[in-house]
Amino acid sequence: MENNICIAVSGLNATDNPGPGVPVARALRESKSFGNARLIGLAYENLEPGIYMPGIVDKTYQVPYPSVGSENLIKRIEYIHEKENIKVLIPNFDAELHAFINNEKRLKDIGIATFLPTIQQYEERHKANLPEFGKKYNVLVPKSMNITSANDIAKISSAFNYPVLIKGKFYDAYVAFNDEQAIMHFNKISSKWGVPIIVQEFIRGTEVNVIALGDGKGNTYAAVPMRKLYITDKGKAWSGISIDDEKLLELTHHIINSTKWRGGMELELIKTNDNKYYLLEINPRIPAWVYFAVGVGQNIPETLVKLALNMPVEPFESYDIGTMFIRYSWDLIVPMEKFQILSTLGEIEND
Amino acid sequence: MKLKQKLAISDSGFIFDPTTGESFSINQEGLTILQLLKEGKTEEEIKKIFLNEYDVDETVLDRSILDFISMLKNYNLIENGE
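Protein sequence lines correspond, in order, to chains E and X. Counting from -19, one number per residue, gives the positions in the first sequence under the numbering used here. Counting from 1438, one number per residue, gives the positions in the second sequence under the numbering used here.
Bound conformation, chain E alone (with noise of 0.2 angstroms):
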């Protein structure tokens, strides 16, 4: 049976600020198990470009932006489910996280299941909280300040050296220099994701991260290190080589093990000269490099679709070291009655 079921996926903007829909697509196809899956693709926008790729989703439905209110993105999946009839549902868009996680069980009532972390784990690891995370949890993360004015800048002197890392709630983050710089990224950040902002105390090293997955019981099922080789102006990897680091993995099943993490993650961590690692932030979802786990022996959205199903899977024990991926853009050629068909209907079959 699983290999006809239905399997959703958002997050289908790869784009140079990507989303992980595409490449969790893509793990999907190339699954033994679920190769032959029907893949339906949630979309925001019209322009998201797995829409359109072929061989990735089979069909999309536009869903309505999360910020319009949790409930019209649930019913539209409740519409879509009563077409399709979708057994699991990964939300690959930070902003539709919260609502997914908060309507778990109304999800699982119809028999949509999803692979999660709790809310309180998701609460606990955002970067405004992250002091008391490394405290609860033993793991060493830069100093820092949540400041919600810009006159709070001046306490950035008293409390720190600087350069300091000024960073929003959820994106961008700017190294500061002195209070007139970090006053220039707290008015930037702030207009465009409000405040908290956070003050983060600069880590000088080398930055390293993580995919992982957890059961949700402390066990990882799947972890994959990995060096940024080449960063985007988004702060984006275009390339990155799989590294040996056991630390990092010992790391990384501490912190799987000690907050019973469930569901897909991306650790990222500042490596220092003296072997130490900080961790900088856990993005609470699969990030968009996931199919180079796959490329090294780790198909995560597989794995995370069992556990989701609660179907027998054993946890991934290595992968290749030293593989590198080098992301690209390709330019695809699309009939305007695509778009036009998704745009007037909000719904489009893929060839």
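By construction, these hints were calculated from the structure, which means they are not laboratory data. Computed from a predicted structure; not experimentally measured. For every residue, glycine included, the Cβ atom is placed at its ideal position computed from N, Cα and C. Don't take each hint at face value.
Cβ-Cβ distance ranges computed for the label pairs, FRET-style [unchecked claim]:
no.	chain 1	residue 1	chain 2	residue 2	range
1	E	Asp254	X	Ala1445	22 to 28 angstroms
2	E	Asn290	X	Gln1472	52 to 58 angstroms
3	E	Leu312	X	Val1497	58 to 64 angstroms
4	E	Lys85	X	Glu1516	49 to 55 angstroms
Given chain E, work out where chain X should sit, using these hints.
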């Protein structure tokens, strides 16, 4: 002095450190030093081998080997604590 155990050294002079993902290119002489270090030779033994094989002034050789080894340390290619 011990080279990092997991260091991958190819005959073409391409060095890959799988623990950090860093890679380097070195010339033939650098490659010879790395291979000798990997065999467990000491700096003194490496110096003797070079003095036998190359027409090189000892002081210049001393400085070159010292420079090369500090570069290895700088790039974290030597086992910790060495």
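Under the constraints set out in the numbered hints, which ones does this structure not fulfil?
none
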